[in-house]
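Here are the chains, one letter per residue:
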Amino acid sequence: MTLITKKLIKSLGIFLILFPFLFLLGLSFSTNWRFPSILPLEITPDNWLGLFSFSGNLFESFILSIVISVSVGLLSTFTGFLAGKYISETIIREKIIFLSYLPYTLSPVLYAASIYYYFVYFNLTGNIIGVIVGQILITFPFSINLFTGYWNSSIKNLENLVLTLGGTKLQSYLKVLIPISKRMLLIVFFQTFIISWFEYGLTTIIGVGKIQTLTIRVYQFINEANYYYAALSSCLLIIPPAFLLWFNKKYVFRKII
Amino acid sequence: MKNKSQSFWLSLFFAVSVLPVVAGFVYALLYSFGLAGVYEIGFTLKNWAAILSSPEIINSFLFSFYIAVVSISIALFVALWFVINYGAHFDKGILSYVIYFPLSIPAIVAAFFIIQLLSKSGLISRIFFNLNLIDNINSFPDLVNDNLGIGIILAHTLLAIPFFIIFLLGLYHSQNLENLKQLSFTLGADKKQTTKRVLLPILLNKVYPTIILYFIFVLSSYEIPLLLGQQYPQMVSVFAVRKLQRFDLADIPQAYVIISVYVLIVIVSLFILFRKRKLEYDFDN
Amino acid sequence: MLLECKNISKAFKSENVLNNLSFYLEEHKTLSILGKSGCGKTTLLKIISGIIQTDNGDIYLRGNRINDIPVNKRNIVYLYQEPLLFPHLNVFENIAFSLRLKKIDDQLVRTKTDEMIEHLELTEQKVKMPHQLSGGQKQRAAFGRALIINPVLLLLDEPFGNLDSSTRESMQNFYSKIANEYKITSIFVTHDLKEAIIMGDKIGLMEKGKLTIFNYVDDFINHPDTGVSKEIDFWKKLRN
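Chain order of the listed sequences is A, B and C.
With the working numbering, letter number 191 in the first sequence gets 191, and the count goes up by one each step, no holes.
With the working numbering, letter number 196 in the second sequence gets 196, and the count goes up by one each step, no holes.
With the working numbering, letter number 108 in the third sequence gets 108, and the count goes up by one each step, no holes.
In case anyone wonders, no lab produced these hints; they're calculated from the structure.
Among the hints, a few may not be true.
[As the list claims (entries may be wrong)] Calculated lysine-lysine pairs in the DSS-like style (CA-CA distance at most 27 Å, straight line): (1) K182(A) / K126(C); (2) K6(A) / K196(B); (3) K46(C) / K210(C); (4) K156(A) / K126(C); (5) K126(C) / K102(C); (6) K10(A) / K192(B).
Full structure from sequences and hints, please.
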């Protein structure tokens, strides 16, 4: 293979990967792109400008999604961090790891359908708290799964060392355990954030159409055949995770299933 | 003190991760036997009989299996080919960054993109029209909402290829495959033998649990078949939810039959996966 | 008497790791304990430091019973086989760590830590991160981190186990020197016969959860279970 063909193949690869992003971005900047034209007839920032004025409260959905996903990510990361520590010490550790796979391998929409009754009972349908709780049922076991494998004897030895050096339990967390686990905490946060950010099935069922996150808006716009707004909200969905990936490709990726 | 915290966190784990699954499964079972819900008529097997005697559920599961097998096979094949041939040159340069980008695409956006690309009024159809390969919009074939699930498979494949490439690249480096490859060459193996006897066995052995989990993930997928599927057969999640949302109340217990069967299948597959081997954790790939 | 252990027992899942074990240790002395891996020496150290609790028996420090005093209030430092430096802190901050915990005035922390670093001959490594250090340097930094708070008792769990033999020897000399200067009382656990003799003022032999103490090195050498006579015979035979 010559150098030129190699370069060509590489450029083609990059183009193929970036194409969906460019395409959706282009679609979000057009208002008139009908069959059979290959390129949009006009490029206009109208859709994007509308985001901040009316636009069916798309910006509100964006903020709502951020609030839900950041809460879900933070809650499941920190509780998972602490829980993983104690669970990794139990003799039923392997069984816990097995059980922790269940909730997030189940189809979220079917899982939600099966527990919908209890959510109604606890008055958790159609409100933000309910959606956050519902999503945590998926992300918390995921976080436990990662952290139970993370806590090992050398980290615990460091904790004991702080204690024998005269530090308190709290100091051992603040001065040593959290700083040395920063990378892992970031990984788990990004991952749980993304699970929540991408979530559609469970949110439709538990939110009963009242909690309009971005994924739900995309679906609505597609159903209304409003492809320009569907593209616009798709872009809003892609930007935050793409942003995180760009800065921390190593951190974000870890089995996003 | 330590034991107290331990039981606290264990209880929390069971309350959040195990209890809801069990409670949901029990509720689905009760509903399906006519013992709970709006259609509560006392114990009956008729919902199970109705569902199991109709070809719909079998076809729905078969269709889901078919989609999962085909999408994952294609994605895995492409990713393996790519990593085995180019794995060594992939830890630097712009491509090593760009390959992570597709992970920022949610399933619903992937489905939307496929519609825009493959539908009768989609981009490819337009290109064909402008090249005079078709003379009107309707002569473009059905690639979305089609019988073979081409749109669904394509959307899943597009999401799975980068995922597996990144996963395998991590293994390629963590398992030191580049050195093993050279070692194999010095021992007299050619490229094909090296791939077949060294690289593939190591990679497949390590990626196998992830394949199973991804298989369940595709099998259970909802948004993609919801947007790209057709009326019949439907993938499991879509099929069950449609039944839940029908006006006929008699359909709801049948939806719960499907959910019960589905949950059982997932539990059994996970159980088999875990009985055979412990999953490994490497966090820094 | 600095440390007195009376009838210490510990079992994990019905397996007796420590079996009714008693001994004492005077101030400024080093007790070295010789034992194979799995004989319970690490468990003993962890019980004395308070990381784990004993099932039975009492521990006295300067005459006070300390069984119920939490690990961070005992002022007993336990050092692991690996130096276990905090990976996110440089040498200086690792050594200053426990002073920082006590919120001591920054200027004082600096003077004390710098002094310690000089003693440890680590001045050039002061701002290096743990992964940039050699095995011996790491171990010295770990000593410094422990010594800086003047612990009542230092527990060393095979501290030189991971070092190569020449570094090991220089660390043994270094430790003896430092122990003298700082008047340290310590328990030094090792599986190396020679090291046990070099380091200890008195020597203990630990087997299957039982501890035998030899107050004089001669007793230790002459006891059949310690393996010293066998060793001597070996070298003698070689010579002949």
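Going through the earlier hints one by one, which of them does the structure break, listed in rising order? none
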